[in-house]
Amino acid sequence: MADVFKPRDWSSHPAYLSPDYKSTALRSPTKPLIPLTQSLSEITGPVYGQESVGPLDADLTKNGAGTGEPLGERIIVTGQVLDEDGRPVPDTLIEVWQANAAGRYVHAADQHDAPLDPNFFGGGRCATNAEGWYAFRTIKPGAYPWGNHLNAWRPNHIHFSLFGPSFATRLITQMYFPSDPLLELDPIFLATPEGARDRLVADFSMESTEAGIALGYRFDIVLRGRNETPMDS
Amino acid sequence: MTKKQTPSQTIGPFFAYGLTPEQYDYNLNSVAMPQLTGENQEGTAIRIEGQVFDGEGAAVGDAMIEIWQADTAGRYAHPSDNRGSNTGFKGFGRVGTGTDPEQRFFFETVKPGAVGQGQAPHINVIVFMRGMLNHAYTRIYFSDEAEANTTDPVLATVPAERRGTLIAERDTRKGTTVYRFDIHMQGPKETVFFDL
Ligand SMILES: [Fe+3]
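Chain order of the listed sequences is A and X. Just so you know, this note's numbering puts 186 at position 186 of the first sequence, and the rest follows in order with no gaps. Just so you know, this note's numbering puts 162 at position 162 of the second sequence, and the rest follows in order with no gaps.
Only chain X is shown next, with the shape it has when bound in the complex:
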């Protein structure tokens, strides 16, 4: 029995109290948060932050970003990853860009391990916002993984001059490792989005 996919529609401007209620101080618990790490989380704690820019370079204050990532050993908390349980790390985070004065998003997480041989460590990203009728998939790679990045099969499919849009820049702030990852919807720095 063949069915046709239900069409996507925009998340609209008013998702916050339904999808990110705790972050925006609404009276509902959130199923997912910008903090992915619990106590005694195995792995290297990192912070990822950035902004989403529209075609005029304005920071978008009503976007929602979701991330999905492997744990420090490169394993996903999902039944299709049959390499045994991961470190108890769920690996999913969600944040809106509307609670920061500069419309930044941020995640507190751990640096993922490489998922398979030849792959570079990466985080899977979905971008939603008012004005987008379909969500957009992208990936975060890491600037301090230059060698692994050269062999990654997905990065290899991206034209060399656009690969930089997928690489988060490492910085250290008060002892915390911070990766900066900006998302440009359009323009010369337009982020690479994937069809998967």
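So that you can see chain A by itself, here it is in the shape it has in the complex:
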């Protein structure tokens, strides 16, 4: 007997087909998803925690540094990973990737004509502690243009990937920054149901700011909770 997980809350997640985000047209399933009753296959999942985090993985201002320091505004991103019932999700891996301060990814396919930073890589990871808290240090990513429509720009964002306790709780999302004028123009952000969008925007946090070093942002993440109904088996 083990708990099953609450369903994906489709009033919180974007629809697969979101016409203003053009690439969804040919890449979204057209037939309804088939309901699947959770079994061991879904309530188990890969276990990754603190042991998966190397010494520099949570400091993106250091893990790609060559002879100098990366350019841009140093920030600390911290927050708590919880489930829908408010329970902390302990010891779970968070993988992050992002553009540099100029809005350029190190990815070989990024064509944006903005400089790479020889001291910045942009990929890293951290894990939550026993109370679900995580933190990593990085450089505030720049906005970048993309081909979705004429003069389209992605707002500043950091990509997040989380496992949580099971295959069912897997989540990939993006963290945005407060007061970014590009948010209300971004088809990816706007594909999210209106009432759920603010959950993707971090709060500026004086409390997590390190004096003289880096500004703090707080981004809490909520994964699927558990149902009272246990799984038979």
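Think of the hints as simulated: they come from the structure by calculation, not from any bench. Please note that a few of the clues may not be correct.
[Claimed, not checked] Computed cross-link-like contacts, BS3-like style, restricted to lysine-lysine with a CA-CA straight-line distance of at most 30 Å:
hint	chain 1	residue 1	chain 2	residue 2
1	A	K140	X	K4
2	X	K174	X	K90
3	X	K174	A	K31
4	X	K90	A	K140
5	A	K22	X	K90
6	A	K140	A	K6
7	X	K3	A	K6
8	A	K6	X	K4
9	A	K62	A	K140
10	A	K31	X	K189
11	A	K22	X	K174
12	A	K6	X	K90
13	A	K31	A	K6
Guided by the hints, dock chain X with the ligand onto chain A, whose structure is given.
Frame of chain A, contents of chain X with the ligand only:
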């Protein structure tokens, strides 16, 4: 205290150096690889390969596929599987479709055992890509398990004419068992995706 789920967002086109760095030759170790097997792995070694096709039938070169599976005895390496430790097989793999000239993905793994009575051996799959705002769940079943497939409770919920989209075709290449599993996002062969 009730909280609302954090919305999903697309993985985007530039995940490779963060999530699959070793496969794409970036300078970061990977937490998960397309090879799931270590030395002296118990079980039957198999290779799974396929392509992801968009609605126009074009192979997608910026998708990421993750698999989660039981070991050869049908046990998961996870505390909720309380049937005792499995064979030391982690059972998780991750691959991008961007390093193969034909945008194929592949996994080197072992054939899973049936997890429970009446279930057919299967592998749990998540599909991510640019243009997908939510990941999609599907499953791989095996063409040489025809009898077990007829009793599997999940396959039974899938309309008969669509079950074939979940069944990987077995082939043998240079002594290796290869299962072909293509993922069609749309069209007449659209893969069955699950809400779980
Ligand atoms: Fe991005």
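### Message
Name the hints, by number, that the structure is in violation of.
### Response
3, 4, 5, 6 and 11
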